[in-house]
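Student: With my numbering applied, the sequence shown closes on residue 418, and no number is skipped along the way.
By construction, these hints were calculated from the structure, which means they are not laboratory data.
A hint or two may mislead.
Stated by the list, open to error - Result set (SDA-like, lysine to any residue): computed pairs, CA atoms no more than 20 Å apart in a straight line:
id: 1; residue 1: 299; residue 2: 327
id: 2; residue 1: 382; residue 2: 249
id: 3; residue 1: 299; residue 2: 315
id: 4; residue 1: 278; residue 2: 363
id: 5; residue 1: 292; residue 2: 346
id: 6; residue 1: 382; residue 2: 396
id: 7; residue 1: 382; residue 2: 363
id: 8; residue 1: 382; residue 2: 361
id: 9; residue 1: 278; residue 2: 258
id: 10; residue 1: 278; residue 2: 323
id: 11; residue 1: 278; residue 2: 314
id: 12; residue 1: 292; residue 2: 349
id: 13; residue 1: 382; residue 2: 397
id: 14; residue 1: 278; residue 2: 311
id: 15; residue 1: 278; residue 2: 361
id: 16; residue 1: 307; residue 2: 326
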Amino acid sequence: MIVLIILIAILAVIAFALIGIYNGLVQLRVRADNAWADIDVQLKRRYDLIPNLVETVKGYAAHEKGTFENVAKFRNAAMAATTPAEKSEAEGQLTYALRGLLAVAEAYPQLRASEQFQSLQGSLSGLEDAIQNARRYYNAVVRDLNTKIQSFPTNIVAGMFHIEQRQFFDITEPAQREPVAVKF
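Take these sequences, add in the hints, and give me the full structure.
Tutor: Here it is in structure tokens:
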């Protein structure tokens with residue numbers, strides 16, 4: 235009888251441990267989903283701002299057609315990307331195109347003095363900071379989730395419930411690591 239009680243107690247402890255491990259993994263997975271959604275929200279705000287910025291610059295620099303087309307092309311590609319790897323690459327290309335757009339703006343003193351352009355430039359600067367913070371948080375949550383998934387005994391529970399590692403939101407090219415220049 236005592237052996238049965240000890241066996242039941244051991245099984246109960248193991249069951250509670252497994253439940254705790256599973257719940258910890260689920261919590262990290264939900265936090266990763268939430269962090270990814272936050273990145274999407276910030277990027278959506280950026281995508282909405284870009285056409286206004288392009289139109290403002292276009293009014294002053296109509297002959298820079300290739301720059302405007304690149305921004306539009308890379309914006310559409312970034313909006314269509316779904317995975318962190320695709321999104322990361324597309325965002326790098328969009329950031330590069332925005333650098334070109336802002337470089338065009340530097341050549342036009344009237345544009346730099348425009349209230350609308352200054353407002354858009356300030357909004358873009360704020361959005362770049364928000365995107366950077368959202369990326370940092372997402373990568374921290376993914377780091378924690380991936381570490382737990384690789385650690386024993388959590389890796390066993392993760393395997394049983396098909397909880398997989400996530401991709402980091404990385405920048406692939408060194409030139410993309412530079413912030414968008416929005417100072418005038």
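Student: For each hint, tell me whether it holds in the structure or not.
Tutor: Verification of the supplied hints:
1. 299 x 327: holds (17 Å)
2. 382 x 249: The hint holds at about 18 Å.
3. 299 x 315: Distance of about 25 Å is beyond 20 Å: violated.
4. 278 x 363: At roughly 14 Å apart (the allowed maximum being 20 Å), residue 363 and residue 278 satisfy the hint.
5. 292 x 346: Satisfied, since the Cα-Cα distance of roughly 13 Å is no more than 20 Å.
6. 382 x 396: Since the Cα atoms of residue 382 and residue 396 sit roughly 14 Å apart, the hinted pair holds (cutoff 20 Å).
7. 382 x 363: Outside the cut-off at roughly 29 Å; violated.
8. 382 x 361: Judged against 20 Å, a Cα distance of about 31 Å means the pair is violated.
9. 278 x 258: violated (30 Å)
10. 278 x 323: holds (16 Å)
11. 278 x 314: holds (11 Å)
12. 292 x 349: holds (15 Å)
13. 382 x 397: holds (11 Å)
14. 278 x 311: Holds: residue 278 and residue 311 sit about 13 Å apart, inside 20 Å.
15. 278 x 361: Status holds; Cα separation ~10 Å.
16. 307 x 326: Distance of about 13 Å is within 20 Å: holds.
Consistency note: the structure conflicts with the earlier hints numbered 3, 7, 8, 9.
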